[in-house]
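Asker: This is what each chain is made of:
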Amino acid sequence: MNNIRKNRLKDQIFRGWGIACTLLGLVLLAIFIGSILIDGLQRIDWDFITSLPSRNAENAGIYTALMGSIWILVLTTIISLPLGIAAAIYLEEYSKKNRFSSILEVNISNLAGVPSIIYGLLGLEIFVRILEMGASVLAGSFTLALLILPIVIVSTRESIKAVPKSIRDASYALGASKWQTVSMQLLPASFGGILTGVILALSRAVGETAPLIVIGALAYVPFAPSSPMDEFTVMPIQIFNWISRPQAGFEVNAAAAIIMLLLITFIMNGIAVYFRNKWQKKLK
Amino acid sequence: MRKFKEAIIEKSLLASALVTILVTLGIILVLSFEAVNFFREVPIIDFLTDTQWTPLFSDKHFGILPLLSGTLLTSFIAIAFAVPVGLSISIYISEYAPKSFRRTIKPALELLAAVPTVVYGFFALTVVTPFLQTFIPGLSGFNSLSAGLVMGIMIIPFVSSLSEDALHAVPNSLREAAYGMGSTKLQNSFRVLVPAASSGIIVSIILAISRAIGETMIVAIAAGQQPRLTFDPTVPVETITTYIVQVSLGDVQHGSLEYRTIFAAGITLFIFTFLLNTISYRIRKKFQEKYE
Amino acid sequence: MSKKEKGIVIDKSIKRKHKLETKGVKVFYDDFMAIKGIDMTIKANKVTAFIGPSGCGKSTFLRLFNRMNDYVDGFRLEGEVRIDGENIYKKKINVEQLRKQVGMVFQKPNPFPKSIFENVAYGLRIQGINDKRYLSEKVEDSLKQVALWDEVKDDLNKSAIALSGGQQQRLCIARTLAVEPSIILMDEPTSALDPLSTAKIEELIYELKEKYSIVIVTHNMQQAGRISDYTAFFYLGELIEYDRTKKLFTNPEKQQTENYITGRFG
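Protein chains in written order, with full-length UniProt numbering: chain L, 1 to 284; chain H, 1 to 292; chain B, 1 to 266.
Keep in mind the hints are simulated off the structure, nothing from the lab. Cβ atoms here follow ideal geometry from the backbone N, Cα and C, with glycine treated the same way. Hints may be right or wrong, so weigh each one.
Unchecked claim - Not close to chain H: a few residues of chain B, all C-beta gaps over 10 Å, as computed:
(1) T60
(2) F75
(3) R99
(4) K100
(5) N157
(6) K200
As the list claims (entries may be wrong) - Heads up, incomplete: computed chain B residues facing chain H, CB under 10 Å, no partners named:
(7) G37
(8) N66
(9) Y71
(10) P109
(11) K114
(12) I240
(13) Y242
As the list claims (entries may be wrong) - Below are the DSS-like pairs computed for lysine-lysine, each with C-alpha atoms no more than 27 Å apart in a straight line:
(14) H:K99 / B:K90
(15) L:K161 / H:K60
(16) H:K106 / L:K96
(17) L:K10 / B:K36
(18) H:K286 / L:K10
(19) B:K92 / B:K36
Please model the entire structure based on the sequences and the hints provided.
Answerer: In structure tokens form, the structure reads like this:
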């Protein structure tokens, strides 16, 4: 066999290897989801969703965790959305290229890489202790809002950047001020992209466990929170707690709760992708 | 009047941007404040050289090495798995696969990164570990091998997506030159495109490492909670992140030495990821200039 | 080279005689017909220039001979392209082998981001040749052929990106020569260069035709007149006229050709 044919063979082998690698992750994910569905699907019924936690695996439900996650989701959105979008607008439209703006950029890029558990430590000291919020939904939401802030900022900036320059020029040429241009032209035009980024960031927040454990969110909470200052648990913590228990019944519960959590995560991702496609078409 | 309103708006937008600086300062201050208190009681030499970590026992030792080795071991396994696979995926998608396949497979792979990590932990503990035990008889129920591999699955998209972007950005003229000389796709990929895209690929790998080092739930669930200075992948270990979770789940008094240990552990973690992120940011900036 | 090799079989004795032929060639990009049925025979050891206005299909036609169009989305070919009588689009053809024989120089200099030495040695390395002495000889020889050796002999390990545009293009030609092709395709090789570098490359082409069959696409009619033996005029995917360069430029048969070379359009 000469070299050229050997090279061709190697090329074909790599092609096969490449396909195998590409499918590997997806196949593993499919196996995993399949095994979880087998374990947990039978456990899901209305009672499971509406029951309070219990020491008894058969009676335990995810009601408080689900409510906790919804509270967290809503409050995190309220806190991070205005902050993130405002910061992105500043960086994209207002800030001049100088030392200060490059410090801001480096800083945001670094924050995006800080492990989530470190945000937990930050939240524990600042929100739980110094601001005396305790291990409340509010403290948890502030912590997660800071965690997803860099993601919201980066994706918002990209969406604003994608708006054609001609729209800015047209607006300024008509005598619009900077803020009028931003609020009446740029934000509406980039809305779809911003929405996509925000939903993806929130879907990450829904799945976060570690920072909330660190700020002291409890595994066992007998009631759903009724105000931002109440203590809480969330779905991932509930799952973690059930995984940690030795009795087999809780493993089934964990699988069932994972199905619920994955459902929420995938639906959010699906919505995000839907908005992104719609927006990209519109932008063209 | 309009000018005044514009100025107010600009200032409040600026204030929002400054929040990000406050967050960084907050992290650094909180970590160092508690860590300084910690090092008042525990000599930094002991922290760095003691080979035992037993702050919750009566015979207390505060050596970070066992936690560090646990973190590095699980991360190493994850990276050793994710980098070859992720890089192969990126080359396959960018150079071999039809364009339509590329459009569907990229978002599908990114779904792997969207799965909550607590879910991966469950997968490692209940599926991967029992599976590995069938042909590694001595494998403990909690081990770094299974946790590391599953963490590898999670970070595949970090490597594949960013590397693919970098390969995609290599000018087509180089591809043509290589094909024109009679290169196969494989030769073109490894001799021309990967070297040309190396900075982007390195950035993707550094980010993946940083991600693995900071990952918490997978290792907390599947790698165990026993600080142990070892590089044996079959036994339980404890990572820095797991330790922080372990203490947080317990009932530790605020202001106690045990409470401060999690900040000492946290600052160690922060320094590592900060260095990695800074390096990757530098490379990325240089890389952007190269193509602009 | 064994006779069993599924590439083009080269008999050493006729190595310097390679004829390119097309028979009823049509090229489609999806539904668009870019080449509308061309029969052509290109003579060995001559310089043949392809001229015509932008979008006339001359580059597409050139790239048929080393199958570089294979990478374009929606590319489809009808008819036959033959080198020494063998259809290079039949299934059994080894494309890598073909491209070793049919070298190509591109419009913009595209050296690899590697050292000067590694650029020239690339084609040999991918064939599995790693013998240091042989490579050095080949690199020196190729660089001398393009008259670049004296300029770079002390900087062989420096990055090729640091060279000037004209030097880069000569390096790209040297890179092609190193694998000893028999045919060299050039796709507007001087369009990105200054006049001085252009003159050097033209001189080089003139010398190279002793050993190689050269096909060159050019926008520049003076260039075609200066360096080529034969010229083909393409228009809207068709071969309008093909003749000895002198004849085509002084006494064209077709009105369209005359209009083009006298500058009335394009």
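Asker: Each hint should be assessed against the structure and marked as holding or not.
Answerer: Going through the hints against the structure:
1. T60: The assertion about B:T60 holds, with a minimum of 14 Å to chain H.
2. F75: holds, 13 Å
3. R99: Per Cβ check, B:R99 is inside 10 Å of chain H; nearest 4 Å; violated.
4. K100: violated, 4 Å
5. N157: Non-interface label stands for B:N157: nearest chain H Cβ at 15 Å, farther than 10 Å.
6. K200: Per Cβ check, B:K200 is outside 10 Å of chain H; nearest 20 Å; holds.
7. G37: Nearest chain H Cβ about 26 Å off; hint violated.
8. N66: holds, 7 Å
9. Y71: Result: holds, 7 Å to nearest chain H Cβ.
10. P109: Status holds, d = 9 Å.
11. K114: The hint holds - B:K114 has a Cβ within 10 Å of chain H, the shortest such distance being about 7 Å.
12. I240: violated, 28 Å
13. Y242: violated, 25 Å
14. H:K99 / B:K90: Holds, at roughly 25 Å.
15. L:K161 / H:K60: violated, 55 Å
16. H:K106 / L:K96: violated, 35 Å
17. L:K10 / B:K36: Given that 27 Å is the threshold and the Cα spacing comes to 38 Å, the pair is violated.
18. H:K286 / L:K10: violated, 34 Å
19. B:K92 / B:K36: Holds - the C-alpha atoms of B:K36 and B:K92 are around 26 Å apart, at most 27 Å.
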